[in-house]
Amino acid sequence: MAFLELRNVHKSYKTGNEVTEVLSDINLEIEEGEFVAIVGFTGSGKTTLINLINGLHFPDKGEVLLKGKTIMGPGPDRGVVFQNYSLLPWLTVYQNIMLAVNEIFSDLSKKEKDAHVRKYIEMVNLSHATDKRPSELSGGMRQRVSVARALAMNPEVLLMDEPLSALDALTRGTLQEEIINIWSQDKKTALLITNDVDEGIIMADRIIPLKPGPKATLGPEFKINLERPRDVTAINKNPEFKRLRNDILEYLIEVGADRRQASNQKYELPRLNPVMPGRVRFGIKKETEKTKYF
Amino acid sequence: MKDKIIKTIRFIGLGFFEPLVRLAAGEDQKKNLSDVFKKIVFPILSIFLFLALWEGGASYLYNTEAQRKIEKERTDRGDEAAAAMIACIESGDISCQPNTLPSPTQVYGAYKALLKDHNIISKKKEDFESKTAKINEKRKAKGQDPITYTGRPSFVDQIGTSIKTVFAGFLLAAIIAIPIGIIMGLSPTLRTSFNWLIQIFKPVSPVVWLLLVFMIVKTLISNPDLDKSFIISFISVGLCSMWATLVNTSMGVSTVDKDFINVSKVLKLNIGQNIFKVVLPASFPLIFTGLRITLSVAWMVLIAIELLAQSPGLGSFVWEEFQNGANDSNAKIIVAMFVIGGIGFLLERIMLVIQKLVTFNKADLA
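Protein chains in written order, with numbering that gives the first Met the number 0: chain C, 0 to 293; chain E, 0 to 365.
Hints in this document: simulated from the structure, not taken from any laboratory.
Among these hints, one or two may not hold up.
The calculated lysine to any residue pairs, modelled on SDA-like cross-linking and capped at a C-alpha distance of 25 Å, are [what the hints assert, rightly or not]:
#1 E:K264 x C:D257
#2 C:K13 x E:P187
#3 C:K13 x E:D256
#4 E:K257 x C:S164
#5 E:K267 x C:I103
#6 C:K112 x E:I260
#7 E:K227 x E:M250
#8 C:K187 x C:T170
#9 E:K264 x C:S11
#10 E:K267 x C:T170
#11 C:K131 x E:V216
#12 C:K118 x E:Q272
#13 C:K60 x C:E30
#14 C:K186 x C:S11
#15 C:K131 x E:F166
#16 E:K355 x E:D258
#17 C:K68 x C:L55
#18 C:K66 x C:H56
#19 C:K13 x E:K3
#20 E:K267 x C:T41
#21 E:K264 x C:L64
#22 C:K131 x E:P187
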């Protein structure tokens, strides 16, 4: 039995009488300690998928099981890192993390809680910003706080919903490494949702593409057999990395093209003749047109 | 040092002093001098312009009224009486002054007279208290009620009463409106089911509220020692002004960012933590806007309510002066008007500072 399991999960949204099936027949098994990445196009239902696992949404059909038990709502056993950080702007870094710790480790003493919070702030290298508010932090720092908050709950599964997609490429690289370093310390089960194939290959043990929606479903999995720790700069030249990236991208482009072909809509393009403004003939200056305002 | 001062004056809403501070620190003279003109000199000039317009208008009205008086005398009682009237008006006799809009000088005079009156009354009160101190001690020993001063209140006392009334009313409004607003904000069912009540009661006139409160308080409170007029007026002020806070609170709570709610759900916060750590701080900006509107409405309806409830505040001061019809009554009414406006402005500023202290900046959300 897998640690986290999705069985024939269907999810659709209703607007009036119109039903859009976002996810269709999702089957996923994640073993304990595994790092799985789900890669997909924007709008393919990735966030819906993660919301089904963290308990904010429920499937219409099928089951989501954690350690064999159906998920009945959000819980401290699943830490979530949101795409837009979702830190509370009126609380400092310390207070934001303390809010989570207070709730989940309510039986700890004040001192123990304090030590716990500080340990996780230290882990994401933010000790210097302990008493700053989110507005005083950069995007990368905010996301680190968000990661620290999720980890401080000591979850059994770490769910990351496009955690790095709002960051610039350089910050992304460093944060990818940091998250992997933290993860490798206690090898928690982790599920990463991303739209960046490279990110998936660098971080995960397994990549599963999500076909574009509506009626999105999971594609065939790609195993990543690269040694850890993976060096972000060196890996670019690794032939295995290149092969994997090409395979996955090819697959994604293929399903994307299928999707487009599946819709039979034809677009009529208007006939346009190119116009060169301001240049009628060489040597002859075009008369400037007077604009009439009244 | 300089930056600190600038930060503080900006914080308390006195940002227009900023160029002066910069100038004193010897920073970019040309730009700051022009800023001083724009932000300090021109506003002061505009005040003088207003005063000049007022003075001109008042003297025009004075002349028109005087002319009418003389003409009336002439048609009623002949030329001789008219001449006597002219002489009387010119002599400055109080009995025949034209009764119209007072000029700024007259208002300033009335203001000084009111202060003088206050000094006299507080002196009297002090004398009375020192005289009765011994007697009161004896009465207290015997278990009797002490003798208190029951003379006429001065203008300053009346301002005090009004501020007390507004404050009590405002507190009442906040205590009622914020919790109900939160509950309504959290439950869409309650929101829609109470919406009609709010829509009906919101536009009800302060006078009607007063009568309503009077009907209830009259029956409920029979103890003659309680200051009924104060109780009635502060409850009416509270009921009149609480709607803005109620609507804004429910609106703020119901529109908390979905991300924050998701965080609260994922962290499994209990209801109390959810309300106090997430929902309330997120809706503070809107709640405070509501409270500020409430305070200004409270101060606005106060005059009408005090006037009818016979509470010894600024409202009844205005009404008494109007009924009184003495020579400087009109000027005193205008003094009261400026005092009301000034205090309203001050209260608004205080609320703004408190709002800045307790709420996070909306721009921080980004």
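Hints, one by one, checked against the model:
no. : hint            : in the structure
1   : E:K264 x C:D257 : 38 Å, violated
2   : C:K13 x E:P187  : 20 Å, holds
3   : C:K13 x E:D256  : 22 Å, holds
4   : E:K257 x C:S164 : 20 Å, holds
5   : E:K267 x C:I103 : 8 Å, holds
6   : C:K112 x E:I260 : 24 Å, holds
7   : E:K227 x E:M250 : 35 Å, violated
8   : C:K187 x C:T170 : 23 Å, holds
9   : E:K264 x C:S11  : 22 Å, holds
10  : E:K267 x C:T170 : 30 Å, violated
11  : C:K131 x E:V216 : 51 Å, violated
12  : C:K118 x E:Q272 : 24 Å, holds
13  : C:K60 x C:E30   : 23 Å, holds
14  : C:K186 x C:S11  : 33 Å, violated
15  : C:K131 x E:F166 : 36 Å, violated
16  : E:K355 x E:D258 : 24 Å, holds
17  : C:K68 x C:L55   : 16 Å, holds
18  : C:K66 x C:H56   : 19 Å, holds
19  : C:K13 x E:K3    : 55 Å, violated
20  : E:K267 x C:T41  : 29 Å, violated
21  : E:K264 x C:L64  : 19 Å, holds
22  : C:K131 x E:P187 : 36 Å, violated
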